[in-house]
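J.: In case you want the letters, here they are:
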Amino acid sequence: MSMAMDQRAPAHETAKAPQGERAPARIRARGLGKRYGALQVFRDIDFEVGEREIVAIVGPSGCGKTTLLRCINGLIPLDAGEIVANGERVTQPIAGMAMVFQHFGLFPWKTVTANVAYGLRMAGATRAEIAEKVPYFINLVGLAGFEHAYPYQMSGGMQQRCGLARALAIEPNVLLMDEPFAAVDAQTREILQFELLRIWSERPTAMVFVTHSIEEAVLMGHRVMVLKGRPSSIFEMVDIDLPFPRNRSTLLHPRFAKLREHVWRCVMDEAQAAERELHV
Amino acid sequence: MAQPRFWSGQAIGIAALVAGALVWEIGAQFANPAFVAPFSTTAARMWEYAASGTLTDALASSLAIYVSGMAYAIVVGVGLGLLLARARLLRIGLESYIMILYSTPMVALIPFILSMMGFGFAPKVLVVFLFAVFSVLYNTLEGARSLKPELLEVARSFRSSEYAVWRDILVPYTLPFAMTGIRQGIGRGLVGLVSAEFFLSGSGIGLLIIRSGQDFDVPGLYGAIMVITILGVALMAIGRTLENRFAAWRGLS
Ligand SMILES: Nc1ncnc2c1ncn2[C@@H]1O[C@H](COP(=O)(O)OP(=O)(O)O)[C@@H](O)[C@H]1O
Ligand SMILES: [Mg+2]
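Protein chains in written order, with the working numbering: chain A, 5 to 284; chain B, 122 to 374.
One chain only, chain B, in its complex shape (with noise of 0.2 angstroms):
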């Protein structure tokens, strides 16, 4: 029953994709080229791109930067987040902060990390984490405080040590809610990838879509920012299989 009705969803997801690129085709046709390029000289441009490497060199500088960023978000907001919700007077010290970062705007960080680090590769990956790391951090500190205690006491009641704690029950626990926390995390940290390109020295994908705006590169500009956008779906995608995977024991999915 479940396959007949998943198949039809995505011929009309397909189909929409396709209607949505028609009209932009023929509606581009109408419209002034200096702001609009038509899907299919939007497509060429980065067909070319790709055929010259210049939007492979970007893409690898960009992801360089940003697998970089994500995994120090993921170590230190899971860690942390799993310390937090065992350790209670951290939790206690440091709640506060994390709820103004968590609240903070990241962008208006940038100059002061501009100023302190300069231009370079680490300002960029520092960018990145903190964009995503909140996001990590608070669904895991959250997901580990929703621990019902009984099943703590269950663990006491067997005489478990703090190591078989974490190991058996928090992080198994919290897994699927880290997981939220890091899908989360994937698209705010795309947005500081993209910022920390665009405010810090230009480089990656960032400064292709920069170029091509100041080149008045219509079809460049869209291409670039295409990648960026299937980029994010695709990363979107795999933070959901992830999520889906760890959550298979709440009977969810």
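Next comes chain A alone, as it looks inside the complex (with noise of 0.2 angstroms):
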């Protein structure tokens, strides 16, 4: 790799911002390990996340991306290492941050207006704020029409729309995405994809998404991550180099079809580990 690892600028610029202007780092994770008992899930995990930065974590299922995604958010402890997010040391979930599932991880009891607000309420906002949030949010994913809707009336896709709203809502400064669109048909994950980054580039926030689509990685990050071996550790951090608004004619850049071939070669073949040392 030739590129250097630097922080992103704002997202309504380019990406090619000018070098040693380094947004300071919103989350910074040092020497991370986890284990379950006798196994033993990922270590020596560094990096960092920008203010407005998106970092995706691809890697083979079972490599520990859920299990990484859940010792930043302090809902499991490490074994190893340390994460400091807004300044603070995680050792159980802090404000601030907020995570959307994989299993979208709705309240099968609450409708659509309930479950949105959830985290609002968690976060002590007023009744006022909540009245005028959780419309608004509702409407940002495109679930207006479907307030009083509960769970089990709605597609995966809306499902999914009304986790991203109810992690919105509570206006995070670090979103964390397991696998978000995984469990959604390919055209939805499409549309799902593209209305996630126009959001992101309304208010830019610290982001990790994790994903085993290499396409989506790639289309998504600033950086990709890339997680491999048992156990699994960072066997390439991939700069991301293409311009930002992302969207759908992003996929037609040539350079997208190169990083993507990239990526691929790291996540499928270890043979190419010398590729990696030639230029992108």
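I should point out that these hints are in silico values taken from the structure, not numbers from a laboratory. Glycine included, C-beta positions come from ideal geometry on N, C-alpha and C. One thing to keep in mind: the hints can contain errors.
Unchecked claim - The calculated DSBU-like cross-link candidates involving lysine-lysine, where the alpha carbons are at most 30 angstroms apart (straight line), are:
#1 A/Lys-232 x A/Lys-262
#2 A/Lys-137 x B/Lys-269
#3 B/Lys-269 x A/Lys-114
Stated by the list, open to error - Quick look at which bits of chain A chain B covers, simulated, 3 or more residues with Cβ under 8 angstroms:
#4 108-116
#5 120-126
Relying on the hints, combine the two individually framed chains into one complex.
T.: Laid out in structure tokens, this is it:
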């Protein structure tokens, strides 16, 4: 890799920010290690996520992506290393961080409105704030008209829109996304990817976006972290120097195919280790 | 589409009941009147009881016991069930006792209660409570434990307090299961009521049944039994309505 792993410039500018203008890191992770009993899941993981940066994490199923996100969220303890987010050492869930779950994590006995209000209520928002923000975020994710629907009445895509609105509603400065679109059909997935990019560019935050889709990782991330091995560790941090805002035309960008190919080789082929010394 | 089918279903149900009453009425003409009273005589005797106030007095006395016992059973069963679902060590400690008591035929405990507490209102309430509480407790506990840990993790991720976990997640999720337990408890509690009124001091509907039996008052006996039956059916209907009402989010109703 010839590219420096610098922090990203604000989203409305292109990714080619002048060197040295390093945005402060929102998340700093140092020497992370985690085991479940005898199973060492990952080790020696170091990375930072800028205030307005999307880091996509890609790796095969079972390599510990969800576990890593749960550690960042403070849901489970680490065995080694430490995570600092918002200047606070993470030992339990902290304010300003919100997770979107692979399984949606909606409360089936709550309507869309009540689900979206949940995070706000837990954050101690007033009634007036909730009454104002909930409809705004329902609208933002395109769920207007479904305010009173229960999760079982909605498709997977709509359920995840609701999960997204619930996370966005607390206006977090760190968004954790655990394969958010893995459980929805291909068309819906594409639509949601671009909607998320649009929403992010309106209000850029730090985001850790876990996926097992290489294409999705390259499309979403300023950088792509490739996890690999057993126990897994960072195989490579790939800079994705595609311009923002990203949209459908990004997929047609000649760089996109190259970067996707590069990440593909990282993920798929151990023997290609030498390849990463070459230019992307 | 559902409406006509519903009404034709109701019509068949009612027709079956009418047919049953007819068979009873006609069949009784050929039976020994010392054992069998026809439907018309039974209904007439119930009407007599109702008019004289005997029935309302008996019902009021029985219902006071029943409602008190059920209230305790619901409060203790639901409360303890939720608590045990959340407190792992307490659950492990008490689990075997709950299983033992859930499987014990409660009638066996009545002589023990009699010797401990004697006659009166309280021991009868205790019997109703004991008959009903374990259905409520068991269903609540198993229901609350079936809550997906993922959802509790969602709650933690959003920094929910323990109080918020109960109010927003544990209680609303468990309510339909608790309602199933309450519906079962309603039936068991009724058995408890009649047992208590038989085996402790006679009172209410139970006493009415005993007296009619002793007096060889066959229509009175049938009438009193029918009152209990109608009470049971009505309470079950209430239980089922409650159960369905709280299960709307499951998309079952
Ligand atoms: N709570 C747990 N207890 C024990 N092992 C677990 C637990 N959660 C995950 N694992 C194991 O840890 C590994 C990583 O899991 P996970 O983080 O879910 O991977 P991914 O999200 O990348 O598919 C897997 O082998 C999985 O079986
Ligand atoms: Mg996962």
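J.: It remains to establish, for every hint, whether it holds in the given structure.
T.: We went through each hint and held it up to the structure:
no.	hint	result
1	A/Lys-232 x A/Lys-262	holds, 21 angstroms
2	A/Lys-137 x B/Lys-269	holds, 28 angstroms
3	B/Lys-269 x A/Lys-114	holds, 15 angstroms
4	108-116	holds (count 5)
5	120-126	holds (count 4)
When the structure is compared with the earlier hints, no violation turns up for any of them.
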